[in-house]
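These are the residues of each chain, in order.
2 protein chains.
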Amino acid sequence: MRELFEIERLKIRDLLRLYVTICLVKTFLKCVFSLFLNGAEKGGTKMKPSIIDVAKLANTSKSTVSRYLNGKSVKKKTEEALKKAIEELNYHPNMNARRLVLNRTQVIGIVVDDISNNFYSGILKGIKDVSDNYGYDCVFYTWNKTRKKESDFINLIYEDQVDGLIFLSFAKRYQTEVELIRDAPFAVVMLGDNAGVEDVRSIDVDNQSGVVETVRYLYRIGHRNIAYIAGPEAAGATAERTNGFKKAFEELGIEMNPDLIVTSDWSNQGGYTAMKKLLEVGGFSAVAASNDESALGAMGAAHEEGYSIPKDFSIVGFDDIQISSWIYPSLTTVRQPFTEMGKKAAEELFKQINGDGNFGAFRTLLSPKLMIRNSCLKV
Amino acid sequence: MRELFEIERLKIRDLLRLYVTICLVKTFLKCVFSLFLNGAEKGGTKMKPSIIDVAKLANTSKSTVSRYLNGKSVKKKTEEALKKAIEELNYHPNMNARRLVLNRTQVIGIVVDDISNNFYSGILKGIKDVSDNYGYDCVFYTWNKTRKKESDFINLIYEDQVDGLIFLSFAKRYQTEVELIRDAPFAVVMLGDNAGVEDVRSIDVDNQSGVVETVRYLYRIGHRNIAYIAGPEAAGATAERTNGFKKAFEELGIEMNPDLIVTSDWSNQGGYTAMKKLLEVGGFSAVAASNDESALGAMGAAHEEGYSIPKDFSIVGFDDIQISSWIYPSLTTVRQPFTEMGKKAAEELFKQINGDGNFGAFRTLLSPKLMIRNSCLKV
DNA sequence: TTATTTTTTTGGAACGTTCCCAAAACAAAA
DNA sequence: TTTTGTTTTGGGAACGTTCCAAAAAAATAA
Chain A
1 MRELFEIERL
11 KIRDLLRLYV
21 TICLVKTFLK
31 CVFSLFLNGA
41 EKGGTKMKPS
51 IIDVAKLANT
61 SKSTVSRYLN
71 GKSVKKKTEE
81 ALKKAIEELN
91 YHPNMNARRL
101 VLNRTQVIGI
111 VVDDISNNFY
121 SGILKGIKDV
131 SDNYGYDCVF
141 YTWNKTRKKE
151 SDFINLIYED
161 QVDGLIFLSF
171 AKRYQTEVEL
181 IRDAPFAVVM
191 LGDNAGVEDV
201 RSIDVDNQSG
211 VVETVRYLYR
221 IGHRNIAYIA
231 GPEAAGATAE
241 RTNGFKKAFE
251 ELGIEMNPDL
261 IVTSDWSNQG
271 GYTAMKKLLE
281 VGGFSAVAAS
291 NDESALGAMG
301 AAHEEGYSIP
311 KDFSIVGFDD
321 IQISSWIYPS
331 LTTVRQPFTE
341 MGKKAAEELF
351 KQINGDGNFG
361 AFRTLLSPKL
371 MIRNSCLKV
Chain B
1 MRELFEIERL
11 KIRDLLRLYV
21 TICLVKTFLK
31 CVFSLFLNGA
41 EKGGTKMKPS
51 IIDVAKLANT
61 SKSTVSRYLN
71 GKSVKKKTEE
81 ALKKAIEELN
91 YHPNMNARRL
101 VLNRTQVIGI
111 VVDDISNNFY
121 SGILKGIKDV
131 SDNYGYDCVF
141 YTWNKTRKKE
151 SDFINLIYED
161 QVDGLIFLSF
171 AKRYQTEVEL
181 IRDAPFAVVM
191 LGDNAGVEDV
201 RSIDVDNQSG
211 VVETVRYLYR
221 IGHRNIAYIA
231 GPEAAGATAE
241 RTNGFKKAFE
251 ELGIEMNPDL
261 IVTSDWSNQG
271 GYTAMKKLLE
281 VGGFSAVAAS
291 NDESALGAMG
301 AAHEEGYSIP
311 KDFSIVGFDD
321 IQISSWIYPS
331 LTTVRQPFTE
341 MGKKAAEELF
351 KQINGDGNFG
361 AFRTLLSPKL
371 MIRNSCLKV
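Just so you know, the protein sequences line up as chains A and B, in that order. Here this note's numbering is used: position 18 in the first sequence is 18, and no number is missing along the way. Here this note's numbering is used: position 20 in the second sequence is 20, and no number is missing along the way.
None of these hints come from the bench; they were simulated from the model. Hints are supplied without guarantee of correctness; some may be wrong.
Where chains are identical, the list cannot tell them apart; a pair therefore holds if satisfied intra-copy or between any two copies.
To be verified - Restricting the straight-line Cα-Cα distance to at most 20 Å, the calculated cross-link-like pairs of lysine to aspartate or glutamate (EDC-like) are: (1) LYS343 to ASP132; (2) LYS56 to GLU198; (3) LYS56 to GLU251; (4) LYS148 to ASP132; (5) LYS125 to ASP113; (6) LYS125 to ASP114; (7) LYS246 to ASP259; (8) LYS145 to GLU340; (9) LYS369 to ASP206; (10) LYS48 to GLU159; (11) LYS125 to GLU177; (12) LYS172 to ASP152; (13) LYS351 to GLU233; (14) LYS62 to GLU159; (15) LYS145 to GLU347; (16) LYS83 to GLU159; (17) LYS77 to ASP199; (18) LYS149 to ASP137.
Just so we're clear, the structure is a prediction, and the values are computed from it rather than from any experiment.
Sequences are here, hints too, so could you generate the full structure?
Structure follows, in structure tokens:
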């Protein structure tokens, strides 16, 4: 045992020599080991095959495989060998490598505030139709712990995860958010509210004309005392819709009773509360709600108070969400042209993606349409 | 001019010499040009900065930048320089390069049949909660022109676009699809229907016990003649729910009238038609619908025929979609534990992602809960 | 001070594609 | 046959990261 401890008396030179020896042995072992490992991995089933594996199996080069995969012409014989090799290896190209070198993802992102919002079905159909045509995938993102505001999603572009973004929101938007998004030097389109920011790249429904039509309709079937359930003050659409309400009254030359305008928050509960308030005030025969959800809430409140819709009150909504036609009585409401809006947004986005990098501002308003159902009665 | 045409008489050797000269000139020009271009691009604003640009500006190496970005320790001084450089260049890491080398995306994909399905809100909340904890992004995919079946999305894994997939569907599923997904050698969880395929990696609500509870409740409040609106035959949940209906009758020892069981398709229109049929048959005081949408349709039909709910008929649904509590009368229904289902699914998925590659089968059923509202009356 | 240990930094290889360009193969014409 | 023109192929650089081993710097002990 004694001799072992002699190491303490070694000179630096000896240590150095030892070190070099150890290094050599280590390198050697690693070499052998990695060779062995490599063989095992290639032989095993875990490794995903790369384009080079395909090339080897088909007895050609990676360039040729790449060309074949991208639809360029290769000789018949090569093509067959490649087909077989790809099949055999169950090869799938690695999108990350592809995107890295192309500097393009062929993906657009759609940012939604609540994925199961009732509006989205139609909008997404519109977007998908267009992006299908351009050969783009579209994926959806929502808020989470790290992405809490709309502008947080801009990073998806900076990080090369998507080529462009469509921001979808029909709840209230914040001005600073909208400005940040507007100024992003990348392909971006907003759908819905503009939070009062002008010249943002956005699409929306013509809120004002929708409400104007509602009031005109109610007037036409005899209503003169019309209550209005407004949306949350922070939402840009609220001002537009309320303006429509006022404008229609002016246009028709009838008096507006300010007590019959109550502010709400677009929720079912909010509509319910608003209607209760209105019933206390009284003196109206029709209610125009600024969205369907609150219209439903209002109907609930009326029912609860023993009134019957449309016998006692006519009610009109805004949006035309799916259930509006399911309930009893079915809700007369202003339909937003969702599919068209989605299409328009996607087309604008692709214009930016494929364009010259000139991200000019615009705000396009599409026309809504009044859907007449059974929640209103002639007086 | 004549001399120009003398070229025709040149020898091969001369041509060769010319060729070499041209090549040389070309190479030279390219060299100069690319140098110029490079400078211009770096100087311009278009180029996204890379980790190397940051390193240069901060007077350090790319490795150090990488280490800093990944939260490893760097010296105070270096850190400050890096912070400044990153800020100044507005640097964002390229995710594709990162994913390429890590062979991991830190993203899970959620495949939904209709993004705005009423169920999804709660489920997605559950999934998001869990994936947030694991530091994963979650993105949503839907059908499109190139991805038409659920199994088409498996490529997202092969192509390294996501680390795992959750398939969400409450419409009918196809057996072959389910089998393909089940056998995928990657992290996959299905939520909802299993199309009768056993031992698939899936989560669902306990459909049978939900309907059993419904019938028990109706029995408890005095109903003996209960009609049933069944779902589409192809859906696995249909059989389970219908079994529940039958089982409850056996258990309670009351007679079941087969004429009071009608098949529908879970749609609003389907529920409407089913109810009309039932009203023709008659002889029941309550209706158990196998989902909320058709329950609403049934209510519409009853209303249309001049009946009042719940005075004339008690109606119960299944799912507890949002609107069920909005309408009048509010719908008594079986609530699916959506958030819990989402959580469970995500947890299983991460177990697979972080696990040992052992993709064992399971089918977990979570318990539903009867939500008693106003669409039923004691008799 | 010098020797040793610990912390921090660095250059280069790797990841799996695409693209460029020279080389090769083939086809057609002389 | 040789020459010319066309199609197809293959080698190597590039894309922007991470990771590793080795080097350098800093901190500590002697």
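Going down the list of hints, with the structure as the test:
1. LYS343 to ASP132: Intra 11 Å, inter 32 Å, cutoff 20 Å: intra-copy only.
2. LYS56 to GLU198: Classified as neither: same-chain Cα gap 58 Å, cross-chain 40 Å, threshold 20 Å.
3. LYS56 to GLU251: The answer is neither: 77 Å in one copy and 66 Å across copies each exceed 20 Å.
4. LYS148 to ASP132: between (29 Å within a copy, 12 Å between copies)
5. LYS125 to ASP113: both (17 Å within a copy, 12 Å between copies)
6. LYS125 to ASP114: Classified as both: same-chain Cα gap 16 Å, cross-chain 10 Å, threshold 20 Å.
7. LYS246 to ASP259: For LYS246 and ASP259, only the intra-copy Cα distance (13 Å) is at most 20 Å; the inter-copy one is 56 Å.
8. LYS145 to GLU340: So LYS145 and GLU340 pass the 20 Å test across copies only (19 Å; inside, 32 Å).
9. LYS369 to ASP206: The answer is within: 10 Å in one copy meets 20 Å, while 43 Å across copies does not.
10. LYS48 to GLU159: between (25 Å within a copy, 10 Å between copies)
11. LYS125 to GLU177: Cα proximity of LYS125 and GLU177: none, with 26 Å in one copy and 24 Å across.
12. LYS172 to ASP152: within (17 Å within a copy, 37 Å between copies)
13. LYS351 to GLU233: neither (33 Å within a copy, 45 Å between copies)
14. LYS62 to GLU159: between (28 Å within a copy, 17 Å between copies)
15. LYS145 to GLU347: For LYS145 and GLU347, the Cα distance is within 20 Å only across copies (17 Å; inside one copy 31 Å).
16. LYS83 to GLU159: between (34 Å within a copy, 18 Å between copies)
17. LYS77 to ASP199: neither (57 Å within a copy, 43 Å between copies)
18. LYS149 to ASP137: Between copies, since 15 Å is at most 20 Å while 23 Å is not.
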